[in-house]
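Taken in order, these protein sequences are the chains called A and B. First residue of the first sequence? That's 2 in the working numbering, and the numbers climb one at a time after it. First residue of the second sequence? That's 31 in the working numbering, and the numbers climb one at a time after it.
Quick caveat, the hints were computed from the structure, so don't treat them as lab data. A hint or two may mislead.
[Stated by the list, open to error] One side only, chain A facing chain B, incomplete, derived with CB under 8 Å: (1) Gly43; (2) Phe46; (3) Leu106.
[Claimed, not checked] Heads up, incomplete: computed chain A residues facing chain B, CB under 10 Å, no partners named: (4) Val5; (5) Ser32; (6) Pro44; (7) Glu45; (8) Phe98; (9) Tyr102; (10) Asn103; (11) Ser104; (12) Pro105; (13) Phe108; (14) Arg113; (15) Val116.
[Unchecked claim] Below, a list of computed lysine to any residue pairs in the SDA-like style, where the Cα atoms sit at most 20 Å apart: (16) B:Lys33 to A:Glu45; (17) B:Lys33 to B:Thr132; (18) B:Lys33 to A:Gly60; (19) B:Lys33 to A:Lys79; (20) A:Lys79 to A:Phe66; (21) A:Lys58 to B:Tyr128; (22) A:Lys12 to B:Gln72; (23) A:Lys58 to B:Thr132; (24) B:Lys33 to A:Tyr102; (25) A:Lys79 to A:Ala3; (26) B:Lys33 to A:Phe66.
By construction, the Cβ of each residue, glycine as well, lies at the ideal position given by its N, Cα and C atoms.
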Amino acid sequence: GAGVSQSPRYKVAKRGQDVALRCDPISGHVSLFWYQQALGQGPEFLTYFQNEAQLDKSGLPSDRFFAERPEGSVSTLKIQRTQQEDSAVYLCASSRFTSLYNSPLHFGNGTRLTVT
Amino acid sequence: DAKTTQPNSMESNEEEPVHLPCNHSTISGTDYIHWYRQLPSQGPEYVIHGLTSNVNNRMASLAIAEDRKSSTLILHRATLRDAAVYYCILIDAGGTSYGKLTFGQGTILTVHP
Numbered sequence: 002g003a004g005v006s007q008s009p010r011y012k013v014a015k016r017g018q019d020v021a022l023r024c025d026p027i028s029g030h031v032s033l034f035w036y037q038q039a040l041g042q043g044p045e046f047l048t049y050f051q052n053e054a055q056l057d058k059s060g061l062p063s064d065r066f067f068a069e070r071p072e073g074s075v076s077t078l079k080i081q082r083t084q085q086e087d088s089a090v091y092l093c094a095s096s097r098f099t100s101l102y103n104s105p106l107h108f109g110n111g112t113r114l115t116v117t
Numbered sequence: 031d032a033k034t035t036q037p038n039s040m041e042s043n044e045e046e047p048v049h050l051p052c053n054h055s056t057i058s059g060t061d062y063i064h065w066y067r068q069l070p071s072q073g074p075e076y077v078i079h080g081l082t083s084n085v086n087n088r089m090a091s092l093a094i095a096e097d098r099k100s101s102t103l104i105l106h107r108a109t110l111r112d113a114a115v116y117y118c119i120l121i122d123a124g125g126t127s128y129g130k131l132t133f134g135q136g137t138i139l140t141v142h143p
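Construct the entire structure; sequences and hints are all you get.
As structure tokens, this is what we get:
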């Protein structure tokens, strides 16, 4: 079946440009997460949505990062005025349930952002 | 949050069993033990999870120590496709937390043909 889809797969941006990364979760999944993964590191939590509500944005590194999920399905992660330290793979994940302790999280293959 | 400790890397030969250890000495009674793996250029993939009893599924087995301070992910016959970074993660079922995953460095598994 269809998994979590992310686009674009690769994005190159010049420093100072704005970028928008899209995530299509599995249909019907309530929970949606964004993670950032630097080269050679484990993924780090950015933000969490339950349907259209953004319940946790404690991991967003600065106010240049903004995420939305207006209709409770597709989500967009926007980064304004990109900087070189924003270069990373951005992963989106979704789950059918609101609690993860007893259910799996399904990840997309990520968007690799390179800021030059 | 309770932390996990894993070896940085392990090696195995194809078609041999692999035992990937994880220490979680500060685990609480409501922490579930989850394993994810990440193949090169892909997002993490759920492998298995458990609370107290050993668990088996089509991908792997999870052996949990009686005191729950450690666990072992067992791949019964490693294939080249099992080469990945393996993450051991604790998720708390208590309280009101939705249980976000906190990834550590994981174990890099190399499988030799």
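### Query
Does A:Lys58 pair with B:Thr132 here, judged by a C-alpha cut-off of 20 Å?
holds, 14 Å
#### Entry: Hinted contact A:Ser32 with chain B - closest CB pair below 10 Å
holds, 7 Å
### Message
Is the interface hint satisfied for A:Glu45? The criterion is a beta-carbon contact with chain B at less than 10 Å.
### Response
Cβ of A:Glu45 sits 7 Å from chain B, so the hint holds.
#### Entry: Restraint status (C-alpha distance of B:Lys33 to A:Tyr102 at most 20 Å)
Holds. B:Lys33 to A:Tyr102 sits at ~15 Å (cutoff 20 Å).
### Query
Against chain B, with CB atoms and a cut of 10 Å, does the hint on A:Phe108 hold up?
Result: holds, 3 Å to nearest chain B Cβ.
#### Entry: Proposed interface contact between A:Pro44 and chain B, which counts if any beta carbon pair is under 10 Å
holds, 5 Å
### Hinted pair A:Lys79 and A:Ala3, Cα distance within 20 Å
Violated, at about 24 Å.
### Message
Need the status of pair A:Lys12, B:Gln72: alpha-carbon distance at most 20 Å?
### Response
holds, 16 Å
### Message
Hint validation: A:Arg113 versus chain B, beta carbon distance must be below 10 Å. Holds or violated?
### Response
holds, 9 Å
#### Entry: Agreement of hint A:Val5 with chain B interface, Cβ distance less than 10 Å
holds, 7 Å
### Query
Are the Cα atoms of B:Lys33 and A:Gly60 separated by 20 Å or less?
Holds - the C-alpha atoms of A:Gly60 and B:Lys33 are around 18 Å apart, at most 20 Å.
### Task
Using Cβ atoms only, decide whether A:Phe46 comes closer than 8 Å to chain B, and label the hint accordingly.
holds, 5 Å
Comparing the model with each earlier hint shows violations of hints 15, 19, 25 and 26; every other hint is respected.
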